[in-house]
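Student: Each chain is listed here by its residues.
There are 2 protein chains.
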Amino acid sequence: MSERGAETRVPASAFLAACRRQSVAHRPIWIMRQAGRYLPEYRELRSKVDFETLTRTPELAAEVTLQPLRRFELDAAILFSDIMTPLQGMGVGLTFEPAPVVRVPVRTRAQIEALPTLEPARDVPFVLETIRLVRRSVPRAAPLIGFAGAPFTLLCYLVCGRPSKEFAPARTFLFAQPQEAERLLMRLADAMAAYLTAQAAAGAQALMLFESWAGLLGVREYTRFALPAVRHTLAALKPLGVPLIYYLNQGSALLRTVAGLEVDVVGVDWRSPLSEVRALLGPDKAVQGNLDPAALFAPPEELTRAAAGVLTEAGNAPGHIFNLGHGIWPDTDPDAVARLVDFVHEHP
Amino acid sequence: MSERGAETRVPASAFLAACRRQSVAHRPIWIMRQAGRYLPEYRELRSKVDFETLTRTPELAAEVTLQPLRRFELDAAILFSDIMTPLQGMGVGLTFEPAPVVRVPVRTRAQIEALPTLEPARDVPFVLETIRLVRRSVPRAAPLIGFAGAPFTLLCYLVCGRPSKEFAPARTFLFAQPQEAERLLMRLADAMAAYLTAQAAAGAQALMLFESWAGLLGVREYTRFALPAVRHTLAALKPLGVPLIYYLNQGSALLRTVAGLEVDVVGVDWRSPLSEVRALLGPDKAVQGNLDPAALFAPPEELTRAAAGVLTEAGNAPGHIFNLGHGIWPDTDPDAVARLVDFVHEHP
Chain A
1 MSERGAETRV
11 PASAFLAACR
21 RQSVAHRPIW
31 IMRQAGRYLP
41 EYRELRSKVD
51 FETLTRTPEL
61 AAEVTLQPLR
71 RFELDAAILF
81 SDIMTPLQGM
91 GVGLTFEPAP
101 VVRVPVRTRA
111 QIEALPTLEP
121 ARDVPFVLET
131 IRLVRRSVPR
141 AAPLIGFAGA
151 PFTLLCYLVC
161 GRPSKEFAPA
171 RTFLFAQPQE
181 AERLLMRLAD
191 AMAAYLTAQA
201 AAGAQALMLF
211 ESWAGLLGVR
221 EYTRFALPAV
231 RHTLAALKPL
241 GVPLIYYLNQ
251 GSALLRTVAG
261 LEVDVVGVDW
271 RSPLSEVRAL
281 LGPDKAVQGN
291 LDPAALFAPP
301 EELTRAAAGV
311 LTEAGNAPGH
321 IFNLGHGIWP
331 DTDPDAVARL
341 VDFVHEHP
Chain B
1001 MSERGAETRV
1011 PASAFLAACR
1021 RQSVAHRPIW
1031 IMRQAGRYLP
1041 EYRELRSKVD
1051 FETLTRTPEL
1061 AAEVTLQPLR
1071 RFELDAAILF
1081 SDIMTPLQGM
1091 GVGLTFEPAP
1101 VVRVPVRTRA
1111 QIEALPTLEP
1121 ARDVPFVLET
1131 IRLVRRSVPR
1141 AAPLIGFAGA
1151 PFTLLCYLVC
1161 GRPSKEFAPA
1171 RTFLFAQPQE
1181 AERLLMRLAD
1191 AMAAYLTAQA
1201 AAGAQALMLF
1211 ESWAGLLGVR
1221 EYTRFALPAV
1231 RHTLAALKPL
1241 GVPLIYYLNQ
1251 GSALLRTVAG
1261 LEVDVVGVDW
1271 RSPLSEVRAL
1281 LGPDKAVQGN
1291 LDPAALFAPP
1301 EELTRAAAGV
1311 LTEAGNAPGH
1321 IFNLGHGIWP
1331 DTDPDAVARL
1341 VDFVHEHP
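Sequences listed follow chains A and B, in order.
For what it's worth, this note's numbering labels the leading residue of the first sequence as 1, then goes sequentially.
For what it's worth, this note's numbering labels the leading residue of the second sequence as 1001, then goes sequentially.
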């Protein structure tokens, strides 16, 4: 290969390779909520502009998406947005306090049928424009991850209105109105399929579904309600040919069930060791995770020990993307993130 | 056997037999938080007396303990109290809002050493008197369960002050101040050993440790911090000869680790099917659980189906105590509880 050829070749992405369970030169790492409140440059911007405006203004959303990649050697960018943004685009009234609060909970058959069909280019054009802007200027040609909420997780917010520790109204809804629950889930599954398809068309190079709350369900209810809905969305995305990531929070009891899903990567919280996660998911899934966000508050040598523990559990088989097990906490010291990123890159 | 002999014999307790994995004529059932806000007779009492006074007045606490046993054919009573009551007895300032809020979080070595040793007869005499009162008048000679918080769960409240979804300060404490965490856990383990020993001496016939928050920990942190502390308490209780129950909330990833604990019964939340729980715990543990509290909001035939699902998963081997997977919700219809108790008793 000529020197010139080496210079112009776009370097292969360790992140995309790991998604496909290919060997990588270094272990890729990115961090859930890497664009956000723990960064001083984000807080400065937020002091002038409210959260919703940030998500709806492509120049600002792109800027926030890129902030963590300028500061740290992260291996992927993730769109700055909220899982409720497409529902807002469909006319669902909500506020961010900062958790999303749906003004009028959706619980009746009439309300479910009245939800309009999502047309991304009409309803959330600013999201697609953000993706195009990020792709033009992302450092190190880091791939951009697009994302959406998984149907059951969106149902939780729609049915509860105000989120709560137990999401009691959402769980009650499944038991008391199973037919309505199934119908709402399928409508959300269709909407998220259209949303993520549009994100890929705009330039997103991997697509992630956040199942933040299915871990509230027993295996029986997860299998009856949440699983068919996310499977429906995934079936529509498979022909796109981009890696698909399913993040399952609090889902230690669900891993065997999730193993059957057609996704490339399963992201998990910090509860189950990755050796166990990989054993339950089988050899045809990559895994993403799973350091406890609390570990970033440890002294440097203790943080290193905890991160090394994740690497040991993940093992050396291809197909591990380092991440936290849940979103980074707002009071985290950015210097701890820098130490973590360096440590992971130095220990393939 | 003479008729007179049959009349005076105290009937064997299905609950205690199941704790010891003995065969039973009917499947025992009791319900976490069975004494509480979903009962009109409880709400009537609470409209006149605040929660703390209820827990500190033996006649009232005994009355509340007995209320659900008069209404339903429950197989066990459980002391009406709070896991924070003994800490209050040790001088920790707290309020119930209704979740316990510790006024000055305990985080320094000096604060930990300054906690006085618990002397139950001096610090919480009203708890012991409640137990004696209940034993005198409990219907059907139902056994009385005494209880305490497991050390790590108590640490969560002490370190956080105000409880939160993530209990972030408690998890941070483990990573940032591991030596202080270990010391606080051992002090709490000693206190709960003394507390439960006194409860057994006063008449409690089974002892339960509530590990409501260890499910927030990864296996590594659970094994390092929470496990040695609860093992320390259990070792002190074993010579008492009463059944010991360890309730593990959100602990699907921890079951294999918990299998090594010297307890008779492990109670679990609704996430993992009981067949899997039993397989992971092994044949020398009874199990308690694990219907989702949300199922009590289903129409009767759906509730029956869900309860039958729990029975099927539990199987027919001795050693299953039916319960919910978590405390009953305050807005539950008492009639649904009556239907559940009858259904379980009719399906041994």
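Everything labelled a hint here was simulated from the structure, so no lab data went into it.
Glycine included, each C-beta is placed from N, C-alpha and C at the ideal position.
Careful: at least some of the hints might be erroneous.
Here are the computed lysine-lysine pairs in the DSSO-like style, where the Cα-Cα straight-line distance is at most 30 Å [stated by the list, open to error]:
#1 B:K1238 <-> A:K165
#2 A:K48 <-> B:K1048
#3 B:K1165 <-> A:K48
Derived, one-sided and incomplete: chain A residues facing chain B with beta-carbon distance under 8 Å [claimed, not checked]:
#4 Y42
#5 F96
#6 E97
#7 G161
#8 R162
#9 K165
#10 A168
#11 R171
#12 N249
#13 S252
#14 S272
#15 P273
#16 F297
#17 P300
#18 E302
Student: Indicate, hint by hint, whether the structure satisfies it.
Tutor: Evaluated hints:
As the CA atoms of K1238 (chain B) and K165 (chain A) are separated by approximately 35 Å, the hinted pair breaks the 30 Å bound. A hinted pair counts as satisfied when its Cα atoms are at most 30 Å apart, and K48 (chain A) with K1048 (chain B) does not qualify at roughly 50 Å. Taking the CA atoms of K1165 (chain B) and K48 (chain A), the gap is about 29 Å. The hint holds against a cut of 30 Å. Here the hint on Y42 (chain A) is broken, as its CB sits about 19 Å from the closest CB of chain B, past 8 Å.
This hint is violated: F96 (chain A) has a C-beta 17 Å from the nearest C-beta of chain B, more than the 8 Å allowed. Violation of the interface hint for E97 (chain A) is found here, the shortest Cβ-Cβ separation to chain B being roughly 14 Å, above the 8 Å cut-off. The beta carbon of G161 (chain A) comes no nearer than 15 Å to any beta carbon in chain B, farther than 8 Å, and the hint placing it at the interface is violated. The interface hint given for R162 (chain A) is broken, as the beta carbon of that residue sits about 13 Å from the closest beta carbon of chain B, more than 8 Å.
Hint on K165 (chain A) holds. Least Cβ distance to chain B is approximately 6 Å, under the 8 Å limit. Given the 8 Å rule on beta carbons, the hint for A168 (chain A) holds: about 6 Å separates it from the nearest Cβ of chain B. Because the smallest distance between the Cβ of R171 (chain A) and any Cβ of chain B comes to about 4 Å, under 8 Å, the interface hint for this residue holds. Checking N249 (chain A) against chain B: minimum C-beta separation of about 12 Å lies over 8 Å; hint violated.
Because the smallest distance between the Cβ of S252 (chain A) and any Cβ of chain B comes to about 4 Å, under 8 Å, the interface hint for this residue holds. For S272 (chain A), the interface hint holds, the least distance from its beta-carbon to any beta-carbon of chain B being 4 Å, beneath 8 Å. Given the 8 Å rule on beta carbons, the hint for P273 (chain A) holds: about 5 Å separates it from the nearest Cβ of chain B. Against a cut-off of 8 Å between C-beta atoms, the interface hint on F297 (chain A) holds, since the closest Cβ of chain B lies about 4 Å away.
Checking P300 (chain A) against chain B by beta carbon gives a least distance of about 12 Å; that is not within 8 Å, so the hint is violated. With 8 Å as the threshold, the beta carbon of E302 (chain A) comes within range of chain B, its nearest partner Cβ sitting at about 6 Å, so the hint holds.
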